[in-house]
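Based on the hints, put chain C in the right spot on chain S.
There are 2 protein chains.
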Amino acid sequence: MPKIVDHAQRRDEIAVVACRVVARYGFEQATIVRIAREAGYTTGMVAHYFDTKQDIIIAALRLILRRIEHRLTRPPEGGGEPDLLALLSEALPIDAARFTECAFWTAFWGQVAADKRLKRINSLMHRAYMQLFERCLARGWPQWTGWSTDTRQRVLRSVVTFINGLTASTVASPGDWPAARQIEQLRLHLDMVQAWADRPTQPDAGPARLARARR
Amino acid sequence: MPKIVDHAQRRDEIAVVACRVVARYGFEQATIVRIAREAGYTTGMVAHYFDTKQDIIIAALRLILRRIEHRLTRPPEGGGEPDLLALLSEALPIDAARFTECAFWTAFWGQVAADKRLKRINSLMHRAYMQLFERCLARGWPQWTGWSTDTRQRVLRSVVTFINGLTASTVASPGDWPAARQIEQLRLHLDMVQAWADRPTQPDAGPARLARARR
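For the protein sequence lines, the chains are S and C, in the order given.
Per our numbering, the first sequence starts with residue 1, numbered consecutively.
Per our numbering, the second sequence starts with residue 1, numbered consecutively.
Bound conformation, chain S alone (with noise of 0.2 Å):
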């Protein structure tokens, strides 16, 4: 079915400018004329494939957490276990086409609050992003299953509140932010997840109590 499969080509290739259009001139100004122009069709071709502006937003949205969830999950070149930092490094601002993305992904998150359609597909964008970085703990770190439930969870949502945090750092102040130093304070991060999370259990031995314990 030739139709089809140039229909959903035509769409990506739309979503990418889309993406480009809004990481360079931000959500207000990437309207459909100029995507239009910039992807080098009419409108009314554009129009074809999609009713609304949000709509190729949404598709952008989607390419990108399909790119993301590609990058993330291929097997390491070479064979063996992945490295994690090398493989969550990934998702971060570290090179021209990773910061195109997450340009658009932080213009996305200042658009959310204020549309309701979008937080409902950023509800559903939010757990596939989140299940995704889950798998990407459990490949990196062997421990991942004998740690307790609560635990895994704290730290899931510490690495991905920690690499959310370094894109909308570095998006908004690219020059604090070379790529050498994102991957080093991940690094970090990282570092101190592990050995958090590979503490020696104590009956309540919590962060709340190692925290009164330390005042």
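Rather than coming from a laboratory, the hints here were simulated on the basis of the structure.
Ideal Cβ positions, reconstructed from N, Cα and C, are used throughout, including at glycine.
Treat each hint with caution, since some may be false.
To be verified - Partial pick of chain C residues on the chain S-facing surface, computed with a CB cut under 8 Å:
#1 29
#2 41
#3 109
Chain C in isolation, oriented as in the chain S frame:
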């Protein structure tokens, strides 16, 4: 000079409304017309105080920074040493007013990459923001001055990145991040960072070597 006082107050008042409008409707929909209407003024009246929408946004940013600064630097009730977790929680979207500020901040991050003037303003804001958090950490951790400059820099970046991550994550997915969870996750982060910074220093025992040793 009552006229000047009035002028500054009026600007602040419009900035507060702009913050709320951006948080609720997004950057795109936060037009001067809408901001004026929500503030109960005519567009002409708002134009008397601000030339462009961008000027209003910048005034709102400055106002939020001033507010956070006030909350993070005031002495604790009852005197004594401030509790670092309580202090830093002031920057999190843990209630409606703080959520509005954080939603505005996230919307701003989403625009920075696309706007040269916002980029310049952001780098000034960013510096002030980092200095503010540095003062907080120095107040809350008596060991701060004993840590090496490198350790202090990594700790500061780690804490601010994590707070930025909590901000963006909560604004995008508020259902996942009730206030108690934000605070608990920040508490864990502070515990981990402190434990790392307090580690006994050994020659070449930085995180890179530890990570290699664990593989």
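ask   = Does the nearest C-beta of chain S fall within a distance shorter than 8 Å of the C-beta of residue 41(C)?
value = With a minimum Cβ separation of about 22 Å from chain S (threshold 8 Å), the hint on residue 41(C) is violated.
query = Any CB of chain S closer than 8 Å to the CB of residue 29(C)?
reply = holds (7 Å)
task = Please verify that hint: residue 109(C), Cβ, nearest Cβ of chain S, below 8 Å or not.
result = Interface hint status for residue 109(C): holds (5 Å vs cutoff 8 Å).
The structure does not agree with numbered hint 2 stated previously, though it agrees with all others.
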